[in-house]
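Colleague: Here's the letter readout for the chains.
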Amino acid sequence: MNGWAHHLIIAPVLLPLAAAAILLFIDERSRMLKGLVSLAAALLLVVISFVLFRIESGPNDFEGVYLLGNWTAPFGIVLVLDALSALMLLLTSLLGLAALVYSLARWHTVGAHFHTMFQLLLMGVNGAFLTGDLFNLFVFFEVMLAASYGLLLHGSGPLRVKAGMHYIAVNLAAALLFLIGVSLIYGTTGTLNMADLAARIPEIEPDRRMLMEAGAGVLGIAFLIKAGMWPLCFWLPTAYSAASAPVAGIFAILSKLGIYVILRLTMLLFGDGPSAGFGANVLLYGGIATLIFGIIGVLASQALGRLAGFSVLVSSGTLLMVLGINDGAVSSGALLYLVSSTLTIGAFFMLIELVERGQDAGANVLAVTMEAYGDADEDEPEEGDGVTMPGTMAILGTCFAACGILLAGLPPLSGFVAKFAMLSSMMGTGAIGVPPTAAVWTLVVLVILSGVASLIAMTRAGIRTFWGSIEGTVPRVLVIEIVPVMFLLGLTLVLTVQAGPAMQYMDTTIRTLANPSVYIDAVRNATVITDYDDQAKVSTEGTN
Amino acid sequence: MEIILSIAIGVMTTCGVWLLLRPRTYQVIVGLSMLSYAVNLFIFGVGGVKTNVPPLLGDDVVTSSLADPVPQALVLTAIVIGFATTALFLVVLLASRGLTGTDHVDGRGDRK
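Sequences listed follow chains A and B, in order.
Residues in the first sequence are numbered from 163 upward in steps of one, following the numbering used here.
Residues in the second sequence are numbered from 56 upward in steps of one, following the numbering used here.
In isolation and in its complexed conformation, chain A is listed as follows:
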């Protein structure tokens, strides 16, 4: 990777930032233009992240290190592109594109600056995936959170404001924990660069190690709040189900961001040395508790929005558990599960709004309680213009069934492939070949149970929505609303057909992560671009 391709690493951060800045100058009344600029940026982001993904999935196992301001690693700030971050970037951009197209039908008109906040959210998420520095992680996290506060409140209404207030309070407290963790780690190791940190942690003196581990623990809590580990997850289903549909769709990546950071930091910092396996038990038991809570929540949910919110918890719980047992083959299955479940939940959140449009408000239990709160002044978006989808109910029903199959992990879609990959390596038929322990058996049982629970809940909801309503009106669904949902579900189909290459990519990713020295060396040995220095020297000498 050299020349212009090298500068592409920073493009996923700069492009949404530039787009957001341009969007601020366009008047709120010219919605068409705003939508087009935002859409163009999102499309370009997909292209860029696809190019980066292709570079990473190529034959040469290259770590793309981008030195900001041409300063060498521990002193300057670095962006690091490796197989994991390239994958997450691609996932974010695809989900972002789908949610954005969906919002163009009507949701982007219900409040001001939707597109600006959306682009800033993408910037924050991309930055957090790319950064190789703990404090920049904080900054990008805050950019993402600030944008997500605005997006959650998009559309206003008492329910959103209430959920938004809880969401903001919880995340502000989490950000403070993040800062405490970062400063404890800095105080004990004297660095914030992740690669430098990974190299220094094994050599840290024992009397400081405890303080460093305390810092790492506090830092972990901040990400576990984001990922929604029980008992830090009670805000999540309410916030996600209160958000407007496209916002909830893109929020599906935010809980995965928490998972990503935990995966990255545990593999990098606590891979080996005296602190090896730090926090693994917390992740394992926390994951189990989250999964049980998620299963109960999925079964107990009356409204579809809450069902989707608890599905996020089921997905987080499964991933945390697998990170807790920290086994190569299981983890690569989990990565596939992460991609598949993000796409599914994103599509499901957007589908819910379309499906519920056809229901009469009184039929829903939640709707009754919402009326008690005074739901009347919620801003409902006006009907958008555009081509209406023919055969609406058939397509909605098919998409709903596909979501159900994906969430339950039934064949033939990628939910099944991912769960099969995880379970087969847990049972010992995969790469490790050791008989499963009691903890692993618990995991297997819980993963299967969560599938059954999702299936029951989705079947029940589907029957009530599609077959139960006798005089239910057929919702008016536009093509640009259903196409993003079908696009995301189509991607899971691609993931199923291409399961072989996909699993191979995940395997390579996990293997690179399990060997932190690759990452550390790549960052430490990254050289500054010398041509500029020479040219500058020549020009200054010339002027002298």
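Note that these hints are calculated values from the structure, not bench results.
Yeah, the Cβ is synthetic: ideal placement off N, Cα and C, and Gly gets one too.
A couple of the hints might just be wrong.
To give an idea of the chain B side of the interface with chain A (calculated C-beta under 10 Å), a few residues [unchecked claim]: (1) Val-83; (2) Gly-102; (3) Asn-107; (4) Leu-111; (5) Asp-123; (6) Val-130; (7) Val-147.
For each label pair, taking beta carbons as the anchor points, the in silico distance ranges come out as [unchecked claim]: (8) A:Ala-376 x B:Cys-70: 14 to 24 Å; (9) B:Thr-132 x A:Asn-232: 17 to 27 Å; (10) B:Val-66 x A:Ala-376: 12 to 22 Å; (11) A:Gln-660 x B:Ala-63: 50 to 60 Å.
If you want the ones that stay clear, here's a sample from chain A, every Cβ over 12 Å from chain B, calculated [said to hold, decoys possible]: (12) Lys-324; (13) Met-327; (14) Phe-582; (15) Gly-630.
Put chain B on the given structure of chain A with help from the hints.
Modeller: Same frame as chain A, but now just chain B:
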């Protein structure tokens, strides 16, 4: 010096956590502000408590008598971000109050 600083951080954190758990939005926001002050002081403290030394490296400066510039930079960033998010939270608090008519965090306090 260290004792005073740590007592101050401790007291502020205690008050902040207590206020954060209160049912009124105003108490929550004051609690969050206190917590962020405590955290800012804490970050400042991890660089080592030194008085009257600059964080600048000059020609005749011994490195051992330098203040660590990194925590200072971190604190500055944290203050800016904390300020912005507190302002945002205030707006949401007022919106909630306007919509529900009460400043209870769940929007349904004891109405008289």
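Colleague: For this structure, which hints from the list above don't hold up?
Modeller: Going through the list in order, the structure violates hints 3, 4, 12 and 13 and respects the others.
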